[in-house]
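Participant: Protein chains in written order, with the numbering used here: chain Z, 5 to 293; chain A, 14 to 360.
Bear in mind the hints are in silico, worked out from the structure with no lab data behind them.
Hints may be right or wrong, so weigh each one.
Distance windows between CB atoms, simulated [unchecked claim]:
#  : chain 1 : residue 1 : chain 2 : residue 2 : range
1  : Z       : M198      : A       : T117      : 30 to 40 Å
2  : Z       : I122      : A       : T108      : 46 to 56 Å
3  : A       : R177      : Z       : I278      : 27 to 37 Å
4  : Z       : R10       : A       : D234      : 41 to 51 Å
5  : A       : P142      : Z       : P40       : 48 to 58 Å
6  : Z       : M198      : A       : V170      : 24 to 34 Å
7  : Z       : M198      : A       : R333      : 52 to 62 Å
8  : A       : G192      : Z       : V123      : 41 to 51 Å
9  : Z       : V123      : A       : P142      : 34 to 44 Å
10 : A       : A119      : Z       : P195      : 20 to 30 Å
11 : Z       : I21       : A       : G230      : 53 to 63 Å
12 : Z       : R191      : A       : R333      : 53 to 63 Å
13 : A       : R46       : Z       : D139      : 51 to 61 Å
Quick caveat, the model's predicted, so the values are computed rather than measured.
No residue lacks a Cβ here, since even glycine has one placed at the ideal position from N, Cα and C.
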Amino acid sequence: MLTTLRDLLRYNAGFRIGAILVGLVATMAGLSFVSPYSPIDTFVVAPDMPPSPAHPFGTTSRGQDVFWHLTFAIRNTLAFGIIVALLSRVLSLMIGLVAGYKGGWVDRVLMSINDTFIVIPLFPILVLFYFVMRDRMSWTALALIMALLGWAYDARLIRSLAMSLKTREFTHTAVFSGMSTREIVVREHLPYVMPIVFSTTMNNMNWSIGLEVTLSVLGFTDINSPTIGGMIYWANQHTAMVAGVWWWIAFPVILIIMLFIGLFLLAVSMNEHIDPRSRLQRMGAGGGA
Amino acid sequence: MTGAAALAIDAGQAAPAKAVLRVEGLKAYYRTRHFGVNREVRAVDGVTFEVRANEIYGLAGESSAGKSTLIKTIAAAMRPPLEVVGGSVGFSFLTGGTSIHQATSAQLLAIRWRNLSYIMQGSMSVLNPVRRVRRSFEDFAARHMGGRGAAFEAGVVGHLARVRLDASVLDAYPHELSGGMRQRVAIALATICRPDFVIADEPTTALDVVVQKDVLGMIRDIQREMGSSLLLVTHDLGVHAYMTDRLAIMYGGMLVEEARTADLFLAPQHPYTRHLIASLPRIGDDAPRVGLAGSPPNLAAPPPGCRFHPRCPLAGDRCRRETPAMTVHAPDHRVACFAVGGGGGTA
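One chain only, chain A, in its complex shape (with noise of 0.2 Å):
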């Protein structure tokens, strides 16, 4: 069943119901002009994947990868010089277009919040540092939830005992917070109308282990509560075991596999991800880690054909010239490799 959703993305037939969010070879480019010398950074190039209904999707890759870039045009968020070159960025919940990037300003107006909302990179200084955070919540939120009144503040203190936190803290100021509280008050933000589809963008990363695996409970719950999808974007794998149920690892602004969790844990395909997984700590097992030699490649000149050919220990003379698509590999498992026997027939 879910093999086949998976076959119906490659043969770019209709989505189906489940689907909530569409990826259709999505590029994005940060593009640039100065003095003549036009500069263009293929950030995004050709991403392809969906996001079903009450689930949650890890995006992994390793800085400079295009994680952030790729959730920014799926969020409609882009600030020039990026800009969409093609591709498409469907919901479900957005009537009348196919792609979030068609969609007019009011359109956005209606479905940001309500819909989608985003926990944005660095969430604990989505806080306006000078203005209480009751005054953050009515400035982001009660447009989105019929207005400010005593029904907002009683939905505002119900959320927050979601994330455990007293009425108290709409009362302080960010800084009278400490690091979990402030980033469990920016997820209250982001969750308060219900969304139906939230993206987090290294939601966690500032915070310690311990209140790290905290915040990641309350966000699992929450998203379980209200059945919502929620894309989870960080570099951390272990955050990505503990939290996903699919994880698509990405490569050079490319996506080069993707599975359910487990099966990409267990039996990882692409090369990359092999290493990726190999190069874990594991309790008990004190062998050292082998590294890969070279650097992510420079996204301004990628190289040609597969962009991991320079550093991957598989390549042949087809990886130099042709990119490898995504196939499917088994059941709800796509790479995008030649020499695991993917890749598809031409590029």
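Same shape as in the complex, but just chain Z (with noise of 0.2 Å):
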């Protein structure tokens, strides 16, 4: 695992920039506990302000330091694509593997279900869910929400794996050998697919926080809880653009597009490098088959 590490930050660029790009972004979500300020207060400092050596992202409209005010907001957007991508993983982990290998009725009814959730058009149903749960839709609902939306696409994928792995020899010793179900998918199939899942989860993240972003825009959800998109709103709400103050949607939106560029760059580097083709390569170098 280690050395994995070592060797994609050693010979691969883009996943060096992608990891220095969300290390940058979590560094600032770490300063926020260290913020002087509280996240919910407003005009607590003078408003309006462009960026200066007191404030280095300048101040909104609604009082706050643009600076610190963000290192909450990305705070959140963070664990929250962190939260839906854990979740919907164990999800299509789950239901992946055991479709896969248990294949007949299990897997007809475990991919409908699967099929369902492609085709549903996830946009109108979240802002559904807002305007059903209205001030009951809080940021950890609307995280399970996706989580339970965000799963299908990854399932499949893990299943077309696990029904390959079905067929090989080693499958079928171990069902020889007397192993359950249970203990052939978490031990032998588990790790087998988890390279992928890792990849995946980066993804998934990416897709949750741009549409987490993109419903917080619209106001779709909890307002007060400070996010990138919530920020963009507030921003939104008080004409930002036109009042001149570009730096309180300029910064979130450049954190927000560093975030994306790194996940991305990351997924692409580690899906390269899990590539079978390309570790077979890289079997044959090393010298050791």
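Please dock the two separately framed chains into a single complex, following the hints provided.
Facilitator: Right, dumping it as structure tokens:
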């Protein structure tokens, strides 16, 4: 694991850039813990101040320091992405592995549910949830809903892997030796699909953060807890662009673009690393086989 | 003495105590149903034989003869659409049941690996590529050896020494081992519980002849040391000549001849066996080999009567109508052919 990371950092420029970008964003989120201001307080500093040494990213029309407010926003957005990615990974792993391994009617039932989730138009559903739940639509509720909606593509991917693993000799041997379905899926197949899951996790974070930002910008979420989308929402509410308070929108947008590009580069370079063909080449070059 | 055992099978009497495996009239078909069209492939169609204690029993036949289907059925490792249609598979260590196919899953769990072990086809891939060899031993064998621990570890290392492997392979991933080493790990894995009966399906097909001889020698040494029985399946008659005590030839889902290996090579009776033996290259004999016209029967629509008759130079009218049964030709030598005086009275 550590040698893999080292190799990726040393030989893959994409991974290096991605790691730096995500690292910067994560540092920003970490800074929120030492923020001098509370995220919910308004008018703690002079409003509408352009970037200056005292307020590096300027201040908002609501009297918040953009830099420190951004640390809270990116922390919440990042945490949201991670929670959604982890929850939906658990779902897609369980459903994909079981459907692929068991086959038959189990597979058919699970995959028809899966395909239903794939064809559901997500955005209208999420807006609908907001209108139904209104004030009860909290940050956690949204994360749960997104996780429940976001597992289907990857479950199909994992299922196809499990189907191929099912026909391998080591699976036959495992069955013959008396291992139960749970043991085979967890001990024999799970390690095999994990690298791919890591890669899809990044993509899934991008997807969920993107949707969350979209919903927040339009005001379809809990607008009181600071997120990147929430900041842009408030900036629009105060017509920041017209008023010339460009820093209120520009910095959140730059930060979220850094996060997107960073996660995307990580996913792509990891994908390259776990691609079986390039993997075999490296094994041959390594002189192991 | 051995002839009496063969007669006992034909008469359908109780098994002699020393038979470890008794297969009787076994029929296993692949049955599929697609859009209302039923298809039935009779891959194993009425096979009867027994394997005695401490012997290596060979099963030979060309591709599509039903060898792999037969051993899957014997190990009760069938997956749909393969179904057992008739007959029984009895093991001496299987208590309380006549056939392995009637055994409960708890019974199967108890005998598998412990008593009955299986070196699968393509056995080099029985090791999970993303797990260390040690994990494969723990996953597959520990449950049958009273769990993992120092004693288990010592047992594994001791057993690996039998196949001349160092304990360090336990910490290797399969791709770090050579083909021969992987093969030896697979053999160690299948024999670690000292099973009474080992099924080996083409165990050395992927290896070059030098490593092959080495690995086969190791299998034989382990088998002799443990006194277990081995059912060895391969199309390679050279391997059979080197390894087996008795040899059965399979054609079109049925046995056509069974004898002590030396007898079968020296005095083959069935026309198919004769052609098979005659086709083998011999050192110093450079006469061109004559092949048989035609190809093995389509087992979805096998020819009536003897399945070999369309290709058989000795085929008569009776061969087209009736299926010959395996009858005793000489002590320990059974053959299913009317033309050589076997085949039984009626089919």
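Participant: Each hint needs a verdict: does it hold in this structure or not?
Facilitator: Evaluated hints:
1. For Z/M198 and A/T117, the hinted distance range of 30 to 40 Å is satisfied, since their beta carbons lie about 35 Å from each other.
2. For Z/I122 and A/T108, the Cβ-Cβ distance of about 51 Å falls inside the hinted range of 46 to 56 Å, so the restraint holds.
3. Look at A/R177 against Z/I278: about 35 Å separates their beta carbons, and that is inside 27 to 37 Å.
4. A C-beta distance of roughly 45 Å is found between Z/R10 and A/D234, which places it inside the suggested range of 41 to 51 Å.
5. In this structure the supplied range 48 to 58 Å holds for A/P142 paired with Z/P40, their Cβ-Cβ distance being about 53 Å.
6. Look at Z/M198 against A/V170: about 29 Å separates their beta carbons, and that is inside 24 to 34 Å.
7. Between Z/M198 and A/R333 the CB atoms are about 60 Å apart, so this pair conforms to the stated range of 52 to 62 Å.
8. Range check, A/G192 to Z/V123: about 47 Å between beta-carbon atoms, so the 41 to 51 Å window is met.
9. Checking the proposed 34 to 44 Å range against Z/V123 and A/P142 shows it holds: the Cβ atoms sit about 35 Å from each other.
10. Here the CB-CB span from A/A119 to Z/P195 is close to 29 Å, well matched to the stated 20 to 30 Å.
11. For Z/I21 and A/G230, the hinted distance range of 53 to 63 Å is satisfied, since their beta carbons lie about 56 Å from each other.
12. Here the CB-CB span from Z/R191 to A/R333 is close to 55 Å, well matched to the stated 53 to 63 Å.
13. For the pair A/R46 and Z/D139, the supplied restraint of 51 to 61 Å holds, since their beta-carbon distance comes to about 57 Å.
Of the hints listed earlier, there is not a single one the structure fails to meet.
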